[in-house]
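Asks: What follows is each chain in one-letter form.
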Amino acid sequence: MSGEKAGAVDPDAYSDVWVFVEEHAGDVMTVSWELLGEARGLADDLGEDLVALVIGEDVDEVAREAVERGADRALVADDPVFEPYRADPYGEQFRALVEDRHPAVVLIGGTHTGRDFAGRVAVPAHAGLTADCTELGVDDDGLLEARRPAFGGNVLATIVCEDHRPQMATVRPGVFAAADRDPDRDGETEQVDVVVDERDTLSEVRERVVGDTADITEADRIVAVGGGCDGDLAPAEELADALDAELAASRKAVDEGWVDGSRQVGQTGKTVRPELYVAVGISGAVQHVEGMNDSEVVVAVNDDPNAPIFEHADYGVVGDLFEVCPALAERLREDGLVDADAEPEAKP
Amino acid sequence: MTTDPTIVVGVKQVPDDDEVRIDPDTGHLDRASAPAVLNPPDRDALEAALSLRDAAGGTVVAVTMGPPTATDVLEEAVAMGCDDAALITDRAFAGSDTWPTSLTLAAAAESLGADVFVCGEETTDSSTGQVPPGIAAHLGWAQVTYAEALEPEFDDGRLVARRDVEGGYEIVAADLPVVVAVAYGEFEPRPAGLHRKLYAETEFEPLELSAEDIGLDDGEVGIGASPTEVGGMETVEPVERERETVEDAAELADALADAGVVG
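Here the protein sequences line up with chains A and B, keeping their order. Going by my numbering, the residue at position 31 of the first sequence is 31; the numbering climbs one at a time, nothing skipped. Adding 348 to a residue's 1-based position in the second sequence gives its number in my numbering.
Hints are computed from structural coordinates only; laboratory data are not their basis.
So, partial list: chain A residues that the calculated Cβ filter (under 7 Å) puts toward chain B: (1) Thr111; (2) Arg115; (3) Leu129; (4) Val160; (5) Val205; (6) Arg208; (7) Ser262; (8) Asp314; (9) Leu328.
Now the stretches of chain A that chain B is said to cover, found in silico as 3 or more residues with beta-carbon under 8 Å: (10) 77 to 90; (11) 162 to 175; (12) 266 to 275; (13) 297 to 311.
Beta carbons: idealized from backbone N, C-alpha and C, even for Gly.
Looking at chain B on its own, in the form it has when it is part of the complex:
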C-alpha cells in the first residue's frame, strides 16, 4: 500500500528537431545552430505523471540530468504543474552514454524516494529508448515501456498500464516501484497555467544535486563508464530520384507503366 506516492518524471533538454542544421563540412550536428527545447515525448510523460497524481494524490517531481542551462526544462515542468524539480548536474557526467545515464537517473530516483519513475519513450536527439529500461534494471524495478494508458492501483501496490506492441496491445500490471516509458502521442499535454508559469520563472528554484549528492562516484559515470564509443561518422549521400512532376493521375499511370512497376 502506497500513500502519497512520489512520482518522478525524467525530462531532457534536446536540440529543436525542426531547427537543427548539419555542418556541411563535417556532416556532424551543429548543436549551436538549434535552440534547446524540452524533448517532445517528455511533455507526454509529464502529462502522464500529473494525471497519475490527479487520480491518486502524492507529488510529482521533475528531474533532468544536464548542464545548469537545463533548468529551463524544469521551469516548463513546474509551469505545467509539477510540485518540485531537481537538476542533476556534475562535470563528471560528461560523455555519458545510455549506461551511466540510466545509472545516474536511477540514483536520482532513489534519492528522491520515487515510487514511480515516468519517462518519454525516447529522446529526439539520440532515439535509443534504452534509458527507461536501463533505469529499471539498475534499480531492479518493474518496467513498462510504450505505455499508452495508465491506471494507478497504488493501494494494492501496483500500476496497471496498456502497453503498445506490434499489431496490438497488452494490459500489464506492474509492482511498485516501477519505471514507465510512455508512448509518444498518447497523452495530450495540458497547457501551462499563467500563474504557474509566473511562479516557475520568478520564484521557483530547483534542487541541485551532484554525483556525490546522489551517492555516485565520479568513476561510475561519464565517458569512462560508457561502454560504447563513436568509431566514426559518414555522411549519407541522398538517393538520386527522378523528381519529375506529372500533371494528373492519367499521366502518372503512364509514367508508372513506362517505369515498369505496373502493367
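Only chain A is shown next, with the shape it has when bound in the complex:
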C-alpha cells in the first residue's frame, strides 16, 4: 500500500506527539489536560517527545501549565489575532507549523471548537482524522491506532493512517484522566513565528458569552434528565440537591433547550463515569448509553416499563418521575443517607 495513495508522504520524516491545548481567555478546556495525560504514554511508547500546541493571546501561563502536566515542549503562538478562537487564523497557523515541524501525531479535544479546528486543519495537511476516539494505542510498526465507537456504540472501529501525516484524532471529553500538575517538571517553551495577519482573516467574533461550563465529567454523582421531564426540571434538581449531584441531560433535553449543551451525556456529548448515575425520564437510546456506560451504579426512573434504559440500569423504578424523584430525595434526607444540610448546588 505504501506510496500508492494520492498525497502520501514519507512517514519517517514525521515525529513527536502533539496535543492542541484549547484555551479561551486563559481558561483551558479540561479535555486538553486529559489528552496530555494519555499522550504522555503514547509518546513514551514511540520514544518521541510530547509537544503542547498553545495558540492564543497572553498564554505563557497556559504553556507553563502544559509542561507541568507532562509536555516536553510547548510551542506557543501568542498574538491578539488568536483571541478569541476563529477557525481561519488558527487553521492557517497550524498549517504553517505542520509544514515546518512535521508532527507524527496530533490530538485535539472533541469539543465544538476542537471539532471545528480539527476539521479545518486536516485538509491542508492531507491528514487522516479520526473523530471522537475513546481509545488510543500504538501498533508494532509505530502507527497510531485510533479507536472510536461506531454503529451506535455496538462496535469499536480501529482507524489507522499508514501513508499520511500527521495522524490526527479528536478525543471525547471525559474519556481519559487529566494529567496531574507537577510544578517541578522541566520543559521548554518556544515562541513560534506568527504567520497570520488580522487583515487576512475571514471572520470576526462580535460577542462571546460563556456562563455555565460545569464539568460533568468530574462529577461523582449525576442526575440526568431526558424527554420524559417535559421541560420541568424541578423534580430532578431536587434529587440532585439531595444527592449533591451534578445535573446532566440526554440529547433530547438539550435540543429542547431545557439544559445547556455542556451537560449533555452521550455520543455527541460527554462521556461520564460517576459512582452513581440516575437517569430520569430518559428512554435509553444507544447514543446516550454509550456516554454513561462506565458509571458504577446506574438507576433508571421511567414510567414506560419497556424503556431500553432499564436494560442498562442496576436499579429501575417504573413510575412517574414527578413523584419518584421528590420521594427519593425526601427519603434519602430522612434516613440520613445524605447530608441533609448540604448547600444546594447552583442551578444551571
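Please build the complex by placing chain B on the supplied structure of chain A, with the hints as guidance.
Replies: Chain B in isolation, oriented as in the chain A frame:
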C-alpha cells in the same frame, strides 16, 4: 455586495437510525436492513438555507454525493422548497473518507457558484462533523460550525451567525463565501408543500454531475485519496447490569444504601 446569492445545501442519504440492525456474526452494520432516509440534521440545514433565501432572495440548490438512488433525498429537498438540485455521482468516489468527500463537495460548490454552502452539523451514519470545515478548508473560505441562528448581511458581504460553544454562544460575522454547519435541533424544518411534492416526484430532474464535470481527476477522490483506513472492528460487549426492578422510592433508597453509593 452579493445580489441573488446562490445558497447550496449539502444533504446525504443515510441508513435510518431507528431501523438499523447489526449483523450478530460480524458485528458490522447491516446496511441492507435499514431503509435509506435523509440525514436528519440535513433537514435543519435545508430549513436554514430556505430561510436565508426568504430573507435575502437568491436561489437554493440542494446537492448530494452518492449513488443514483440518492436522488430520493434531492426530491425531498425540492419538495421542501429548493429551487434546484444536483446529484454528484461517479464510481470514482467509492470508498471516500471525509478528506475526498469534502474535496468533492467543495468542487461541487464552486461549480454551482455557491456564495453560501449550508450543511447539517454531522451525519448520523458516521458522526464525524469533519466535512463542513473540510469543504471550507479546501476552498479557503470562512466557516461557521454549530450555527444556531443566521442573519444574512449579504449586502455587506457577510453572514452573521450565533454559534454554539461549550457553556454558551458566540456571535460570528463571516465573510462570503462561507460554509455553515447548522446545530441539529435549532431550525424547525418546514413541511413539504403538496404541490411541490408532486412536482418533485413527477416533473423534477436533478442535474447530474460526474467527477470530471466538477473538475476533479479520478485519482483525487475515492479510496485512493482517503488518508484513513479501517484497521479492524470489535464488537463491544454490553456492560453487565443488575437490572433489578424496585417498587418505589423507599426501596430504591435502601438499595442505594446497600450498594454503598449513599450513606
